[in-house]
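There are 2 protein chains.
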Amino acid sequence: MLNNEMMKHLKIKNPIIQAPMAGGITTSNLVAEVSNAGGLGMIGAGYQTPIQSREQIREIKQLTSNPFGINLFVPNEFNVTPDAVQSANQRLHTIRKQLHLEQTDSFDIPEYEKIYGSFIEQVNVVIEENVSICSFTFGIPPKEVMAELKQHNITLIGTATTVREAVANEKAGMDMVVMQGSEAGGHRGNFIDGHQESLVGLMSLIPQVVDNVSIPVIAAGGIMDGRGLMASLFLGAQGVQMGTAFLTCIESGAHKVHKEAILNADEDQTTFTRAFSGKWARGIKNKFIADMSEHELLVPDFPVQNLLTQEIRKTCSGQNNQDFMSLWSGQSPRLAKSQTVERLMNDIMSEAKINLHLLTQQLTAL
Amino acid sequence: MLNNEMMKHLKIKNPIIQAPMAGGITTSNLVAEVSNAGGLGMIGAGYQTPIQSREQIREIKQLTSNPFGINLFVPNEFNVTPDAVQSANQRLHTIRKQLHLEQTDSFDIPEYEKIYGSFIEQVNVVIEENVSICSFTFGIPPKEVMAELKQHNITLIGTATTVREAVANEKAGMDMVVMQGSEAGGHRGNFIDGHQESLVGLMSLIPQVVDNVSIPVIAAGGIMDGRGLMASLFLGAQGVQMGTAFLTCIESGAHKVHKEAILNADEDQTTFTRAFSGKWARGIKNKFIADMSEHELLVPDFPVQNLLTQEIRKTCSGQNNQDFMSLWSGQSPRLAKSQTVERLMNDIMSEAKINLHLLTQQLTAL
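Chains A and B, in that order, give the protein sequences.
Residue numbering for the first sequence follows the working numbering, starting at 1 and increasing by one per position.
Residue numbering for the second sequence follows the working numbering, starting at 1 and increasing by one per position.
Just to be clear, a hint being listed does not mean it is correct.
[Unchecked claim] Lysine-lysine pairs mimicking DSSO-like chemistry, simulated, CA-CA at most 30 Å apart:
id, chain 1, residue 1, chain 2, residue 2
1, B, K353, A, K8
2, A, K171, A, K259
3, A, K171, B, K13
4, B, K353, A, K353
5, B, K259, A, K285
6, A, K8, A, K114
7, B, K337, A, K13
8, B, K259, B, K353
Think of the hints as simulated: they come from the structure by calculation, not from any bench.
Since the structure is predicted, the reported quantities are computational estimates derived from the model, not experimental observations.
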């Protein structure tokens with residue numbers, strides 16, 4: 001059995017982490033099923049209140065006795081003026097009109113301090129509820145937070161997009177690091193390097209990172225099956241984190257319209273946009289991305305734009321209208337299937353085994 | 001020994017193709033050494049005259065008795081007005097001034113028909129000189145050209161960037177297809193899909209293409225060593241095509257400044273530009289790319305812009321000045337080494353063998 005450092009540390013049987021997709025996708029059932037199948041289920045707690053996180057942790061513990069983890073968004077400071085918020089809001093007027101939504105002009109933009117306070121409360125929930133694994137996106141928590149978590153023996157996983165960011169994670173004390181290739185769907189995890197610089201494909205990214213850090217590296221982006229798993233291991237990763245592949249599973253809480261969009265998409269139909277949230281993210285092209293493309297660089301930073309578009313996204317979900325929903329997806333939608341987590345996990349591991357056997361036969365006399 | 005369909009067809013011992021980099025990089029020595037080491041050396045004949053191609057083919061035959069190949073650019077029609085050429089030229093005035101070059105206002109823009117005629121002459125050279133393998137970039141030759149080459153039993157290799165383009169290559173009768181991932185350095189080979197759509201990372205691209213074509217698939221982009229080779233094979237490719245890794249070899253004809261730039265670069269220092277040639281290409285960021293970024297979308301199509309910048313690039317080469325040279329590179333420059341082709345080839349194959357052995361041991365009881 002494969003039993004590398006990452007697997008030992010996480011106490012998992014298969015080197016597969018379910019990506020902590022935020023926004024209701026990682027239902028307790030999804031997380032528990034992944035852990036029950038020998039992988040690592042992860043709660044995407046980025047948009048949860050501390051109370052919601054606590055409830056879900058308790059719920060998952062009823063569904064699995066295997067380890068699972070939780071992901072928190074590290075708050076980033078943002079700079080917005082009321083004027084900028086107002087003009088960003090006005091740019092959404094045409095879309096609201098199409099959806100017969102009332103125009104709003106006043107927004108309750110939260111202060112960074114409040115967001116940071118909520119982050120600390122979530123950290124406390126993780127500690128109090130004895131979650132053994134915690135990963136972070138959008139940066140590295142402050143030293144004192146890292147120290148507190150380490151004192152409670154919580155395994156810490158960082159997210160990075162370049163060698164520089166991977167090294168920063170290692171230096172800050174992360175036990176392992178998820179490397180997000182340019183193939184990955186959803187929000188980009190770059191926090192030191194710019195968006196364009198951070199777009200490195202996994203074939204290039206993994207070997208260059210492995211050569212420059214000592215902690216285990218986890219590959220993320222476009223990995224959907226046993227082929228991607230084995231390729232990642234040969235590049236030097238100790239495991240994979242998969243998002244899109246779990247998103248279309250029966251147990252995932254993703255909207256059916258979102259699942260259908262992925263199941264019907266081709267590899268060249270995703271694009272990057274920051275129009276939904278103020279952070280760059282990869283999703284399937286739709287009307288919202290097209291309509292907003294000219295304002296793309298003008299929208300206010302995350303999480304402000306995310307708040308401004310919230311009602312639009314919610315209304316569309318209710319109407320099963322994919323035009324203005326965020327249809328996050330990696331670059332391998334042709335490989336997505338509608339199936340159970342158990343089936344997906346079994347297929348990945350048996351495909352990996354078969355391919356290894358076949359190639360070993362071909363290569364024995366190499 | 002690995003002996004898949006691609007290797008049998010190409011009559012090579014190791015599943016490694018040296019990318020046909022145009023512009024003097026693929027010296028006869030480089031091509032012959034790759035073939036002598038059991039890979040497939042390739043002449044990058046994109047900018048050669050038919051006479052030059054014929055001479056190089058004859059020269060290489062003196063240096064190796066193993067198979068080698070040649071790559072031709074499929075001519076694309078372009079649309080430029082004299083006015084557009086003049087304003088594109090004026091945008092280069094500041095740069096010419098810095099290099100103390102005389103300002104030119106008249107350019108001999110070749111007609112498409114003339115370029116196409118030269119392409120047909122090159123095809124005839126390939127046939128007359130009995131080159132057994134011919135690959136194509138920037139499109140698929142017309143039916144009659146494909147038929148003529150096939151009649152002479154020449155193995156035909158297409159280049160594609162998406163599933164749609166791979167299928168088009170198969171339908172046109174290509175024997176195999178090189179899939180260029182977004183990691184790849186130099187010119188993009190997209191010819192049906194747009195530039196942005198064509199940027200799919202290899203981790204996503206290879207499995208999705210393999211599922212949709214029957215001809216052998218060759219992975220290209222960011223592959224530098226045994227790790228990349230094994231990853232590509234597990235994704236479903238039958239071999240790899242490597243550019244940057246061969247570019248910094250002793251035998252390559254790349255300018256020493258170009259080699260040094262790659263050897264000193266990080267994974268996040270390349271970018272896409274169309275300012276050098278009128279076609280999108282990935283290279284290391286320099287002054288020219290930065291200075292031209294605002295005119296990027298305005299420059300005339302390939303090969304017109306390539307002609308306009310020719311003297312600037314040539315002058316900079318003569319002065320060992322990297323500011324205005326095209327420093328093409330894939331996304332893995334940290335893995336580049338200055339070494340002989342023989343050493344590179346040996347290292348790739350032994351690393352592949354060792355990694356397979358190690359992972360097989362770890363995975364036996366999977």
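Do the hints match the structure? See the list:
no.	hint	result
1	K353/B <-> K8/A	holds (26 Å)
2	K171/A <-> K259/A	violated (38 Å)
3	K171/A <-> K13/B	violated (44 Å)
4	K353/B <-> K353/A	holds (18 Å)
5	K259/B <-> K285/A	violated (39 Å)
6	K8/A <-> K114/A	violated (37 Å)
7	K337/B <-> K13/A	violated (38 Å)
8	K259/B <-> K353/B	holds (28 Å)
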